[in-house]
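> Sequence:
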Amino acid sequence: KKKKKDKEAWKDGESYEYFERNSKVLGLRIKDMVDDKLLLEDTVENKKKKRDILQHLYHRYVLGAGDTHTSNILEVSKKNTNQVIAGIDMEEFRKNFDQKTLLALLLNKETKLEKEVFTPYLYEIKLLDWKGKKLVEKLKPMFLTEQIIEMKYRDMKFREILKESLK
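Read in my numbering, the sequence shown has 121 at position 119, and its numbers run on one by one without any break.
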């Protein structure tokens with residue numbers, strides 16, 4: 003269900019199309035799936051969702067983008083696609099990076115139920131490869147050098163907490 007927003011609130015805002023949150027194109031909010039305990043069972047489908055959710059949250063964290071929590075991730079229930087989840091509300095810059103656990107770092111804060119759902123999959127996140135120039139070259143057209151440096155710093159912080167959690 004596409005909707006058309008005539009004009010955004012800021013000065014000279016532009017029109018755009020967007021999907022309704024409860025649209026069958028995108029599906030349920032991940033927060034609702036967690037709260038309703040739909041992700042607790044370790045089915046093949048749920049495992050893929052949990053891995054993709056954590057991967058998305060890791061990328062979102064490194065980018066420093068978006069209002070980060072499970073309310074802003076939707077299940078993709080569209081047929082004929084390999085996409086499992088979709089992130090929304092990405093226009094903000096994240097401000098808080100002071101968490102001490104991996105899950106809190108990814109979610110901004112964590113609930114008991116989110117810990118139960120996601121903790122077993124935290125160590126399956128595929129870390130970004132900053133070696134060579136391939137990733138940086140892809141980021142350069144979209145970000146300032148200072149922003150890319152900040153991304154590397156956040157990734158380094160994530161890796162440090164990851165390493166500590168493995169001890």
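Worth flagging that the hints you see were computed from the coordinates, not collected in a lab. Hints are not guaranteed to be accurate.
[Unchecked claim] Under the rule of at most 20 Å between Cα atoms (straight-line distance), these lysine to aspartate or glutamate pairs were calculated in the DMTMM-like manner: (1) Lys111 - Asp131; (2) Lys154 - Asp100; (3) Lys159 - Asp100; (4) Lys111 - Asp34; (5) Lys133 - Glu148; (6) Lys114 - Asp34; (7) Lys117 - Asp38; (8) Lys159 - Asp91; (9) Lys111 - Asp69; (10) Lys111 - Glu162; (11) Lys114 - Asp131; (12) Lys128 - Glu148; (13) Lys50 - Glu118; (14) Lys117 - Glu43.
[Said to hold, decoys possible] Ranges of calculated distance between the beta carbons of each label pair, as one might list FRET restraints: (15) Asp37 - Lys136: 17 to 23 Å; (16) Val138 - Lys114: 23 to 29 Å; (17) Leu137 - Leu40: 33 to 39 Å; (18) Glu139 - Asp44: 22 to 28 Å; (19) Asn84 - Lys136: 28 to 34 Å.
Ideal placement from N, C-alpha and C gives every residue a C-beta, glycine not left out.
> Compare the structure with each hint and give your call.
Structure-based check of each hint:
1. Proposed proximity of lysine 111 and aspartate 131 is contradicted: the alpha carbons are some 26 Å apart, above 20 Å.
2. The hinted pair formed by lysine 154 and aspartate 100 meets the criterion: a straight-line CA distance of about 16 Å does not exceed 20 Å.
3. Taken as a hint, the lysine 159 and aspartate 100 pair is honoured in the structure, with Cα atoms around 10 Å apart against an allowance of 20 Å.
4. A threshold of 20 Å between alpha carbons decides the hint, and for lysine 111 with aspartate 34 the separation of about 16 Å falls inside it, so the pair holds.
5. Taking the CA atoms of lysine 133 and glutamate 148, the gap is near 18 Å; set against the 20 Å cutoff, the hint holds.
6. Proximity of lysine 114 to aspartate 34 is assessed by CA-CA distance (about 14 Å); at most 20 Å being required, the pair is judged to hold.
7. Among the hinted pairs, lysine 117 with aspartate 38 is consistent with the structure: their alpha-carbon atoms are about 14 Å apart, no more than 20 Å.
8. For the proposed pair lysine 159 and aspartate 91, the alpha carbon gap of about 24 Å is over 20 Å, so the pair is violated.
9. Restraint check for lysine 111 and aspartate 69: the C-alpha separation of about 12 Å stays at or below 20 Å, so the hint holds.
10. Taken as a hint, the lysine 111 and glutamate 162 pair is honoured in the structure, with Cα atoms around 18 Å apart against an allowance of 20 Å.
11. Distance hint between lysine 114 and aspartate 131 is unfulfilled; the C-alpha atoms sit about 31 Å from each other, more than 20 Å.
12. Under the criterion of a C-alpha separation no larger than 20 Å, the hint pairing lysine 128 with glutamate 148 is inconsistent with the structure, at around 24 Å.
13. With a C-alpha separation of about 16 Å, the suggested pair lysine 50 and glutamate 118 falls inside the 20 Å cut-off, and the hint holds.
14. Distance restraint check for lysine 117 and glutamate 43: the Cα-Cα separation of roughly 14 Å lies within the 20 Å cut-off, and the hinted pair is therefore satisfied.
15. The hinted window of 17 to 23 Å between aspartate 37 and lysine 136 is violated, with their beta carbons roughly 39 Å apart.
16. One distance hint, 23 to 29 Å for the beta-carbon pair valine 138 and lysine 114, is violated here, with the actual separation near 38 Å.
17. One distance hint, 33 to 39 Å for the beta-carbon pair leucine 137 and leucine 40, holds here, with the actual separation near 34 Å.
18. The hinted window of 22 to 28 Å between glutamate 139 and aspartate 44 is violated, with their beta carbons roughly 38 Å apart.
19. The beta-carbon spacing between asparagine 84 and lysine 136, approximately 22 Å, falls outside the hinted interval of 28 to 34 Å.
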